[in-house]
Amino acid sequence: QVTLRESGPALVKPTQTLTLTCTFSGFSLTTSGMSVTWIRQPPGKALEWLTRIDWDDFKYYSTSLKTRLTISKDTSKNRVVLTMTNMDPVDTATYYCARMRLDDFRIDSWGQGTLVTISS
Amino acid sequence: QSALTQPDSVSASPGQSITISCTGTSTNIGTYDLVSWYQQHPGKAPKLIISEVSKRPSGVSSRFSGSKSGNTASLTIFGLRTEDEADYYCCSNAGGDTFELIFGGGTKLTVL
Numbered sequence: 001q002v003t004l005r006e007s008g009p010a011l012v013k014p015t016q017t018l019t020l021t022c023t024f025s026g027f028s029l030t031t032s033g034m035s036v037t038w039i040r041q042p043p044g045k046a047l048e049w050l051t052r053i054d055w056d057d058f059k060y061y062s063t064s065l066k067t068r069l070t071i072s073k074d075t076s077k078n079r080v081v082l083t084m085t086n087m088d089p090v091d092t093a094t095y096y097c098a099r100m101r102l103d104d105f106r107i108d109s110w111g112q113g114t115l116v117t118i119s120s
Numbered sequence: 121q122s123a124l125t126q127p128d129s130v131s132a133s134p135g136q137s138i139t140i141s142c143t144g145t146s147t148n149i150g151t152y153d154l155v156s157w158y159q160q161h162p163g164k165a166p167k168l169i170i171s172e173v174s175k176r177p178s179g180v181s182s183r184f185s186g187s188k189s190g191n192t193a194s195l196t197i198f199g200l201r202t203e204d205e206a207d208y209y210c211c212s213n214a215g216g217d218t219f220e221l222i223f224g225g226g227t228k229l230t231v232l
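As they're listed, the protein sequences go chains A and B.
Residue numbering for the first sequence is 1 to 120, as defined by the working numbering.
Residue numbering for the second sequence is 121 to 232, as defined by the working numbering.
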C-alpha cells in the first residue's frame, strides 16, 4: 500500500522560507520511472503544479516559481523535502505531495495535504 | 504555462450523463496522450480517475470515460450518482521545451 504524508508548519510569516517534508512508504524513489511531485491548492481555487523529483535525481520546477523552489530527496529515509523562499500571503494553500509515474505522467497516490497559512 | 480550460460548473440529475471538456493547445493536449483526470471531494485529496486520455485505474468505475479530439480532452460520466458530485480537474504535460504539468481550472459537478 502506497502512502504519503506531508509535514511542516501550519503558519509561516511573510518573507520567511517554508520547508515541507513528504514521508512516503510502499514504493522506492530509486525505482526507475518513479517520481514525487508537489502540488498546491489555494482555498477554493484550482490545483497548481510546483515541482517534481525523479528516481534518477532529475528535478523540474514550475517556470513561474522556479527561483523560489528547491526539491531534494533522501532515499534512505523515503523522504522528499520542498523549500519555498520569500513566502507571501498569496502562497496560502494546501500543499500536497504525491507519487507520479513517469511512463504516463499519472499522479496515482496523493498525501492528505497540509494547509499552510502565510500571515504575520 | 497557461492552465487548461475547463467549464466552471456542470449539473445534471442522477442517472443522466455529462461531459466535461478540457481545452489545451497543440503543444500539450494536441501532441501528447498524457492527459489525466482527477476527482476531488470537499476537504479531500484528489483521486486519479483517468490516465493517458482514456485509461481507468483499477477500482475506478466504468461509468467514467475519457477521450480526446485535437486540443481538447473530455471526461464523460455515465449514469450519474449523487456520490459523483465533486470537483474534476484535467492535467497534462505542458509540452514545448518544459517538463511542467499543467492543470485545468476545475469543474464543479452538481448532481441535482
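These aren't lab readings, by the way, just hints derived from the structure by calculation.
Quick caveat, the model's predicted, so the values are computed rather than measured.
All residues carry an ideal CB built from backbone N, CA and C; glycine is no exception.
Take these hints with a grain of salt, some might be off.
[Unchecked claim] Pulled a few chain B residues facing chain A out of the computed Cβ check, cut under 8 Å:
#1 Ala123
#2 Pro127
#3 Asp128
#4 Ala132
#5 Ser171
[What the hints assert, rightly or not] Below, computed lysine to any residue pairings styled on SDA-like, alpha-carbon distance capped at 25 Å:
#6 A/Lys45 - B/Thr125
#7 B/Lys167 - A/Asp88
#8 B/Lys164 - A/Ser76
#9 B/Lys164 - A/Asn78
#10 B/Lys167 - A/Ala46
[What the hints assert, rightly or not] Calculated from the model, a selection of chain A residues having no Cβ within reach of chain B, i.e. all distances over 12 Å:
#11 Ser7
#12 Trp49
#13 Thr63
#14 Thr94
#15 Ala98
#16 Phe105
Can the hint on B/Asp128 be confirmed by a CB-to-CB distance to chain A that is less than 8 Å? Violated, because the Cβ-Cβ distance from B/Asp128 to chain A comes to roughly 10 Å (cut-off 8 Å).
Keeping to a limit of 25 Å between CA atoms, is the pair of B/Lys164 and A/Asn78 held or broken? With a Cα-Cα distance of about 23 Å, the restraint between B/Lys164 and A/Asn78 holds, given a limit of 25 Å.
Has the given pair, B/Lys164 with A/Ser76, been kept, meaning a C-alpha gap of at most 25 Å? Distance of about 29 Å is beyond 25 Å: violated.
Is the nearest CB of chain B more than 12 Å from the CB of A/Thr94? Check fails; 9 Å does not lie beyond 12 Å.
Going straight from one Cα to the other, do B/Lys167 and A/Ala46 come out at no more than 25 Å? Roughly 14 Å separates the two Cα atoms, so the pair holds.
When you check the alpha-carbon spacing of A/Lys45 and B/Thr125, does it fall within 25 Å? Status holds; Cα separation ~14 Å.
Are all C-beta atoms of chain B more than 12 Å from that of A/Ser7? 15 Å, holds
Closer than 8 Å between Cβ atoms is the bar; does B/Ala123 clear it against chain A? Give me holds or violated. OK, holds: B/Ala123 within 8 Å of chain A, min 7 Å.
Taking C-beta pairs only, is A/Thr63 more than 12 Å away from all of chain B? 6 Å, violated
Least C-beta distance between A/Phe105 and chain B, which was stated to exceed 12 Å: 5 Å, violated
Would you settle whether the hint for B/Ala132 is holds or violated, based on the nearest Cβ-Cβ distance to chain A being less than 8 Å? 22 Å, violated
If you take the shortest Cβ to Cβ gap from B/Pro127 to chain A, is it below 8 Å? 13 Å, violated
Checked against the numbered hints above, the structure breaks hints 2, 3, 4, 7, 8, 12, 13, 14, 15 and 16 and satisfies the rest.
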